[in-house]
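**Q** When you get a sec, could you build the whole thing from the sequences and use the hints?
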Amino acid sequence: MSDSANLVENAAAAYRALADLAESVEDEWQYVTDLTDTYLLGILALAGTPGPLPNGAAEAVDEAIAEIELITDPHRAIDWLSTFPHVVALALGGDVDMEPDR
Amino acid sequence: MRFQDAARDARAVVYAGIQADPLVARLASLLAEATPAERWMARAAMNGERTGAEIWRRMFPSVFGEGPAAELRDHAERLLAGSLEVANRGEQARNQYRGAVVEELTAQLLARCGGLVKRERRVLFDGVPAEIHPYDVTVESSTRPEVYDCKWGARGINADVLNQLDDARMHAADEEIEMTVALVVFDARQSAEIRLDRSSAPREGTRLVALENIDELGVAHP
Numbered sequence: 332m333s334d335s336a337n338l339v340e341n342a343a344a345a346y347r348a349l350a351d352l353a354e355s356v357e358d359e360w361q362y363v364t365d366l367t368d369t370y371l372l373g374i375l376a377l378a379g380t381p382g383p384l385p386n387g388a389a390e391a392v393d394e395a396i397a398e399i400e401l402i403t404d405p406h407r408a409i410d411w412l413s414t415f416p417h418v419v420a421l422a423l424g425g426d427v428d429m430e431p432d433r
Numbered sequence: 020m021r022f023q024d025a026a027r028d029a030r031a032v033v034y035a036g037i038q039a040d041p042l043v044a045r046l047a048s049l050l051a052e053a054t055p056a057e058r059w060m061a062r063a064a065m066n067g068e069r070t071g072a073e074i075w076r077r078m079f080p081s082v083f084g085e086g087p088a089a090e091l092r093d094h095a096e097r098l099l100a101g102s103l104e105v106a107n108r109g110e111q112a113r114n115q116y117r118g119a120v121v122e123e124l125t126a127q128l129l130a131r132c133g134g135l136v137k138r139e140r141r142v143l144f145d146g147v148p149a150e151i152h153p154y155d156v157t158v159e160s161s162t163r164p165e166v167y168d169c170k171w172g173a174r175g176i177n178a179d180v181l182n183q184l185d186d187a188r189m190h191a192a193d194e195e196i197e198m199t200v201a202l203v204v205f206d207a208r209q210s211a212e213i214r215l216d217r218s219s220a221p222r223e224g225t226r227l228v229a230l231e232n233i234d235e236l237g238v239a240h241p
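Protein chains in written order, with the numbering used here: chain E, 332 to 433; chain P, 20 to 241.
Simulated from the structure, these hints should not be mistaken for lab results. C-beta: ideal position from N, C-alpha, C; glycine also. Any given hint could turn out to be false.
Simulated coverage check for chain E against chain P, where a stretch passes if three residues somewhere in it have a Cβ under 8 Å from a Cβ of chain P [as the list claims (entries may be wrong)]:
1) 338 to 350
2) 375 to 384
3) 417 to 423
Pulled a few chain P residues facing chain E out of the computed Cβ check, cut under 10 Å [stated by the list, open to error]:
4) L42
5) E52
6) P55
7) A72
8) F79
9) F83
10) G84
11) W171
12) A173
13) V180
14) D206
15) S210
16) R226
17) L227
18) E231
**A** Below you can see the structure in the form of structure tokens.
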């Protein structure tokens with residue numbers, strides 16, 4: 332597995348855990364599910380970002396993962412459901428804003 | 020149709036103190052000149068658990084790494100410092116500061132177009148009961164008025180907000196006034212679209228401005 336694929340796999344695993352925490356806000360379950368379905372695909376698609384990893388990408392993704400792993404408040408987790416994918420995308424030089432399949 | 024200052028209850032007075040904090044205006048000025056990557060950095064830092072600057076520099080190498088010119092890095096450093104000041108406030112204050120920053124950013128960008136930009140104003144229409152909640156930002160014109168509701172995150176979008184904006188637009192139309200109504204969300208456009216797609220409230224006449232296209236507020240539209 333390439334460095335990029337490893338980073339993306341780690342980011343996706345952390346994102347799933349973040350979504351699990353966010354899902355505990357019952358009133359927002361549908362929104363959390365919709366966001367997660369969309370952005371998880373976006374994160375996984377980053378593995379196909381062409382070219383070498385940008386400088387600092389691995390450290391950046393590791394820091395982003397470490398940040399969301401510290402979150403214990405499900406409301407804060409919802410704040411990060413849209414933010415984390417964009418942080419990872421910036422680090423890897425890709426894009427997570429694909430059209431959702433709805 | 021006319022605009023009116025909103026009456027201030029105790030909560031509004033406290034919030035006005037936050038809106039007047041120089042930190043809010045400073046951060047909004049920096050965000051108004053920021054790149055999209057810097058805006059994501061600021062959003063992340065203001066949402067963050069950790070407040071050590073070095074962590075955020077490592078998380079955003081495209082902003083703080085070797086590539087950007089010294090002038091851009093200096094701007095990013097000042098934006099990060101301000102963002103971490105917000106993050107260091109308590110949870111409740113942080114939420115209020117983040118909201119105030121989005122409102123001030125919206126007002127600063129709109130002011131570039133030269134209109135009369137005001138804050139916390141209600142809109143009154145003939146024969147229509149006044150809305151309780153004021154609009155965060157208004158551009159006051161007798162011919163092309165604009166009203167803006169500002170949100171830190173897409174989660175803040177709800178039916179009440181959409182209905183109030185659409186009602187204002189419809190009431191203005193009843194008086195043959197073309198009013199621009201808009202939601203400004205300092206979050207990903209896609210997350211806002213996902214939120215809106217599950218709402219049954221009217222949204223067709225409401226403009227959506229998200230983190231990716233917020234600069235458009237500073238460009239006059241026909």
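**Q** Now, for every hint given, state plainly whether the structure supports it.
**A** Verification of the supplied hints:
Under the rule that three or more residues need a Cβ within less than 8 Å of chain P, the assignment of the region 338 to 350 of chain E is violated, with 0 such residues. With 0 residues bearing a CB less than 8 Å from a CB of chain P, the region 375 to 384 of chain E misses the requirement of three and the coverage assertion fails. Closer than 8 Å: that is the beta-carbon criterion, and the region 417 to 423 of chain E has 4 residues meeting it against chain P, so the requirement of 3 holds. Taking 10 Å as the C-beta contact cut-off toward chain E, the hint placing P/L42 at the interface is violated, the least distance being around 20 Å.
Residue-level restraint check for P/E52 is violated (minimum Cβ-Cβ distance to chain E is 18 Å; threshold 10 Å). With a least beta-carbon distance of about 9 Å to chain E, the hint placing P/P55 at the interface is held under the 10 Å criterion. Interface hint status for P/A72: violated, as the beta-carbon distance to the closest one in chain E is roughly 12 Å, over 10 Å. Hint on P/F79 holds. Least Cβ distance to chain E is approximately 7 Å, under the 10 Å limit.
Against a cut-off of 10 Å between C-beta atoms, the interface hint on P/F83 holds, since the closest Cβ of chain E lies about 9 Å away. Here the hint on P/G84 is kept, as its CB sits about 5 Å from the closest CB of chain E, short of 10 Å. At a threshold of 10 Å, the smallest CB-CB gap from P/W171 to chain E is about 8 Å, leaving the interface hint in force. For P/A173, the interface hint holds, since its Cβ comes within 10 Å of a Cβ in chain E; the closest pair sits about 7 Å apart.
A least Cβ separation of about 15 Å between P/V180 and chain E goes past the 10 Å threshold, and the interface hint is therefore violated. About 6 Å separates the beta-carbon of P/D206 from the nearest beta-carbon of chain E, less than 10 Å, and the hint is met. For P/S210, the suggested interface contact is upheld, since its CB lies about 4 Å from the closest CB of chain E, less than 10 Å. Look at P/R226: its Cβ only gets to about 19 Å from chain E, farther than 10 Å, so that hint breaks.
Of the supplied interface hints, the one on P/L227 is violated, with its beta-carbon coming no nearer than about 14 Å to a beta-carbon of chain E, more than 10 Å. The criterion of a C-beta within 10 Å of any C-beta in chain E is met by P/E231, whose closest approach is roughly 8 Å, and the hint holds.
The structure does not agree with the numbered hints 1, 2, 4, 5, 7, 13, 16, 17 stated previously, though it agrees with the rest.
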